Amino acid sequence: MQHKYRTVEDLLKEESFINYCLRKNEQDVHYWEKYIAENPGKKELVEEAVQEYRLLFSALAHADLEDQLMELKKKIANSDGAPVIELKRAARSHKPFYRRFSYVAVAALAVITIGVYLFRQEQRTPSSQRSIIQYVCKPGERKSFQFPDGTQVILNAGSEIYLNEQYAKNTREVFLKGEAFFEVTHNAAVPFIVHTASMDVKALGTAFNVKSYNNESRTEAVLIRGLVEVTLKKDNNRKLLLHPDEKVLWTENKNGGGATTQSSTKNNNQEQGKIQLVKKLDNGHVKELAWVQNNLAFEDEAFEEIAFQLNRWYNVTIRFESNDISQYHFTATFKKEKIEQVLDILKASKKFNYRFEGERSIVIYK
Amino acid sequence: MTTTAIHTDNLCWERLLQGDKEALYELYTQYYHTLLFIGLKNIHDSDLVKDVIQQQFLYLWEKRHTLRAAKNVRSYLIISFLRRLTSDWVKARRTVNLEVAWSKKEEEGFETSWEETLIIKDDHEAVSKNLMAVINALPARQRELILLKFYEGLSYDAITQRTGLTHRTVYNKIHEALDKIKQRLVQPAMVSGIQSLVLLCIASCFHF
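Going down the list, the protein sequences come from chains A and B. Going by this note's numbering, the first residue of the first sequence is number 1, and it counts up by one from there. Going by this note's numbering, the first residue of the second sequence is number 1, and it counts up by one from there.
Hints are computed from structural coordinates only; laboratory data are not their basis. Wrong hints could be hidden among the right ones.
[Stated by the list, open to error] In silico lysine-lysine, BS3-like type, Cα no more than 25 Å apart, as pairs:
id : chain 1 : residue 1 : chain 2 : residue 2
1  : A       : K24       : B       : K21
2  : A       : K24       : B       : K63
3  : B       : K182      : B       : K121
4  : A       : K287      : A       : K350
5  : A       : K335      : B       : K121
6  : A       : K75       : B       : K182
7  : B       : K50       : A       : K73
[To be verified] Reference excerpt, derived from the structure (chain B facing chain A, CB under 10 Å, subset only):
id : residue
8  : Y25
9  : S80
10 : I119
11 : R143
12 : F150
13 : S155
14 : G164
This one's a predicted model, so the numbers in the text were calculated from it and none came from an experiment. From the three backbone atoms N, C-alpha and C, an ideal C-beta is built for every residue, glycine too.
With the sequences and hints as input, model every part of the structure.
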């Protein structure tokens, strides 16, 4: 079998041979070194193929450089004419943001998460026969990883995702508690479905955000690209189609449980199960996705709801001594601030005080 | 990196600061592949990496009046390029990983990537020009696929995903292009080049 290589072309068509030439992975390098050692008669052929590959590679490299240099010259000529470059760039910058996501590598985190999963699974198998893949983000953490089908996921703080073992075989169904951003690998034959307590979101190849925390009464889905079908389970399985930059919100009417106050429920009822356009922040980004960029953004949200997010983001517990304060509304974006700085900034706009009781417990008072 | 190279870079840089456009293009030609392959190591999206390289040089040109003399043009270019690559949306995606990985490299200094060492410069100009002409004459699709396969080193699977073509089409088109290149390439210059190399190898074999 190893003697099937007769011409230079045979070698160039071999994927592992290109990897060997590019030193792309150790296995292939090792394989070909071994091949040469074991087949001295083929050494010449291999050397010839390597040299030919180098020629081809060089020519392609030069061709690419020429293309790119020409492009640059064009752009420079334009920029010399009038200083419009910045504007142009600003205009295009948010579009490729999502589109280009798909090719960005995720290796490191994916390996870690899968590693954790394998470990967990090993522990689990004796007790349950059906193995479940689980991804967990504790409060204060954020993770990104790739599902077996290439779908990329960013998981927000305090969230969990489960996949069943059959994932990517017949179905691509995941179960979400919390918030995640999905960049779904296109596969029309196997739809991708995110299940939450009150909403199912079905996609064919698209990018979207789903938020459904257990301790919050609201579930929302935001679509960035593509098309998704949302099923509202608590509304006779009513189905909605979301288009890019649209979102849908479902607020649970909790009987007896949860911290939802009347005012916020009332507010949300008008939006219940209706498609709305997402609001863009000043920088052109979508507020619902600020977390993906390590930003924490609120837009006219009640302090009580903001507190949920702060709890998860900073791994703290915020408690209100006064109901009035919990109904204060704030609009703000934070990036690298510490929790104290965040509270100080909020404090400057509407009056309240806070104190730490222990390392992670914060009390807000008048 | 040799001191003469640093010297040449510094001269180039000075010319750039004085508004010499050609100096910008020389730097671009000099460092394009360096930046491309470093970028591709971390971000497997060549369109994006190339775009960021363009932005980087556009920036240099626009800010040439405010730029300062650089001690080491190469590391300045690499580091600022990586910063640019991490900023914006890439940052959002993988802040921690990339920044940690790169800050480590900053300390170690950037080695020349293996891919860069593969590029034959000057010596084989004629052959290379010839090959380039053949490549540029390929139909757009074939040219693109050849670039993805043999230049970026993508697997057939990855190309299928990237282009949306079927596996079979990708395979066929690449082989077609390869045949075309081969046909036109059986040229004396290259054959003799390979022959001399082969002879050299045989000679060295006998030595051992």
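Verification of the hints:
1. A/K24 - B/K21: violated, 36 Å
2. A/K24 - B/K63: violated, 37 Å
3. B/K182 - B/K121: With Cα atoms ~21 Å apart, B/K182 and B/K121 stay inside 25 Å; holds.
4. A/K287 - A/K350: Holds, at roughly 22 Å.
5. A/K335 - B/K121: violated, 46 Å
6. A/K75 - B/K182: Judged against 25 Å, a Cα distance of about 35 Å means the pair is violated.
7. B/K50 - A/K73: holds, 14 Å
8. Y25: Where the cut-off is 10 Å and the nearest Cβ of chain A is about 6 Å from B/Y25, the hint holds.
9. S80: violated, 16 Å
10. I119: Status holds, d = 5 Å.
11. R143: For B/R143, the interface hint holds, since the closest Cβ of chain A sits about 8 Å away, which is under 10 Å.
12. F150: holds, 5 Å
13. S155: Holds, about 6 Å.
14. G164: holds, 8 Å
Violated hints, listed in ascending order, are 1, 2, 5, 6 and 9; each of the other numbered hints is respected by the structure.
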